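Counting in my numbering, the sequence shown runs from 1 upward without gaps.
Hint data in this document are derived by calculation from the structure and do not stem from the laboratory.
Quick caveat: nothing in here was measured; it's all calculated off a predicted structure.
A virtual CB, placed ideally from N, CA and C, is assigned to each residue, including glycine.
Keep in mind that the hints are not guaranteed to be accurate.
[Stated by the list, open to error] Think about it this way: if two alpha-carbon atoms lie no more than 20 Å apart in a straight line, the pair counts; the simulated EDC-like pairs of lysine to aspartate or glutamate are: (1) Lys257 to Glu294; (2) Lys310 to Glu294; (3) Lys81 to Asp105; (4) Lys81 to Glu122; (5) Lys257 to Glu43; (6) Lys280 to Glu294; (7) Lys174 to Asp160; (8) Lys237 to Asp105; (9) Lys242 to Glu275.
[Unchecked claim] Derived Cβ-Cβ restraints for the label pairs, each shown as a range: (10) Lys310 to Glu276: 14 to 22 Å; (11) Gln176 to Glu80: 20 to 28 Å; (12) Arg112 to Glu80: 29 to 37 Å; (13) Glu32 to Ser63: 16 to 24 Å; (14) Ser39 to Gly68: 21 to 29 Å; (15) Glu294 to Lys250: 38 to 46 Å; (16) Arg278 to Leu258: 43 to 51 Å.
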Amino acid sequence: MVHINNTAISNWLDSICNPLLISGPCSAESREQLLGTASSLVETGLVSAFRAGIWKPRTRLHSFEGHGEKALSWMKEVKEKTGLPVAVEVAHPGHVELCLKYDIDIIWIGARSVANPFSIQELAEALTGTSIPVMIKNPVNPDLQLWIGALERINRAGTDKLAAIHRGFNTWGKNQYRNTPLWEIPIELKRLFPKLPVICDPSHICGNRAMIEKVAQYALDLNMDGLMIESHINPEKALSDKNQQITPTKLKKIIAKLQIRKAESFIKETTDTLEELRKKIDVADYKILEALAERMNVVKNIGYLKKDNKITILQIKRWNNIIHNRKETGLKLGLDKEFLSELLNLIHKEAITVQKKLMNNNE
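Construct the entire structure; sequences and hints are all you get.
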């Protein structure tokens, strides 16, 4: 596996804002629309960077496909007038060249491009020798290795200012999401690359305004590093994805409601109690078939402690230790390696589900 420079990755995002909030319209429709939206977002005092789609090839013909290079001049004007860094999606080397020409601050690579290693390699070559930060969305389908491969290719080209964007996955059948979150995939990415910033895109996960707050809160509870939420000065008249865009005023209200919980900083009393409960979980894991009910009761107790002390659900360091120790013991007992992986992931998914319910229950 190609090494990803986690030390360099961890710094560029913090220099913008922490936690990160990227917002702006799905598409750059006009100069007036961009400047109006950006101005309103600046007034919220919450936005770290301004985003907009410049090139918008759609699934079907005869839909709005963006203004291309002309819109880049509008983005540059937004940057000059608001002071916000600006971010744009790129899909081929020509887009990269134009973004550099117009002083775009951040680029991202979309889900469909990430699904094609040929496209990623072309973009990596175009980025060689540049220093522009690159954010990489997950591929359309749930394939962690494809996502990691895109990050590796861009990193190998010399780009160390990287971040991943979780925007959900296409899955079979209908459900409440436009793109099913499959949270276990970005969680595994964070486990493998603890210093890689992972940003959540609730707009594309939800596909509607109603669920954005709920998904954004859950992303923060899982210790995601920021949010990308689409905002439009007049969403009802948006030329693309109008149902998932919100006004800057609505964005401010949503952000005000979100709980920012701690990841590692516990008060001593909480730490001591939490460690005692974790010892019980350790015992339950080694005797999982007999003690599963007991384990989930302990998980609930931990959930109440985390909720009371505003601590995030996900603890990557703890999860890494569990993976290593349980597999080692399980293999010595003659259990299959793949079976162990699936069993441990299933247990962890259920624990997160239990704590998610506790965290977001007003009782």
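Evaluation of the provided hints:
{"no.": "1", "hint": "Lys257 to Glu294", "in the structure": "34 Å, violated"}
{"no.": "2", "hint": "Lys310 to Glu294", "in the structure": "24 Å, violated"}
{"no.": "3", "hint": "Lys81 to Asp105", "in the structure": "15 Å, holds"}
{"no.": "4", "hint": "Lys81 to Glu122", "in the structure": "33 Å, violated"}
{"no.": "5", "hint": "Lys257 to Glu43", "in the structure": "18 Å, holds"}
{"no.": "6", "hint": "Lys280 to Glu294", "in the structure": "9 Å, holds"}
{"no.": "7", "hint": "Lys174 to Asp160", "in the structure": "38 Å, violated"}
{"no.": "8", "hint": "Lys237 to Asp105", "in the structure": "28 Å, violated"}
{"no.": "9", "hint": "Lys242 to Glu275", "in the structure": "47 Å, violated"}
{"no.": "10", "hint": "Lys310 to Glu276: 14 to 22 Å", "in the structure": "20 Å, holds"}
{"no.": "11", "hint": "Gln176 to Glu80: 20 to 28 Å", "in the structure": "41 Å, violated"}
{"no.": "12", "hint": "Arg112 to Glu80: 29 to 37 Å", "in the structure": "31 Å, holds"}
{"no.": "13", "hint": "Glu32 to Ser63: 16 to 24 Å", "in the structure": "21 Å, holds"}
{"no.": "14", "hint": "Ser39 to Gly68: 21 to 29 Å", "in the structure": "23 Å, holds"}
{"no.": "15", "hint": "Glu294 to Lys250: 38 to 46 Å", "in the structure": "44 Å, holds"}
{"no.": "16", "hint": "Arg278 to Leu258: 43 to 51 Å", "in the structure": "27 Å, violated"}
Of the numbered hints listed earlier, those contradicted by the structure are 1, 2, 4, 7, 8, 9, 11, 16.
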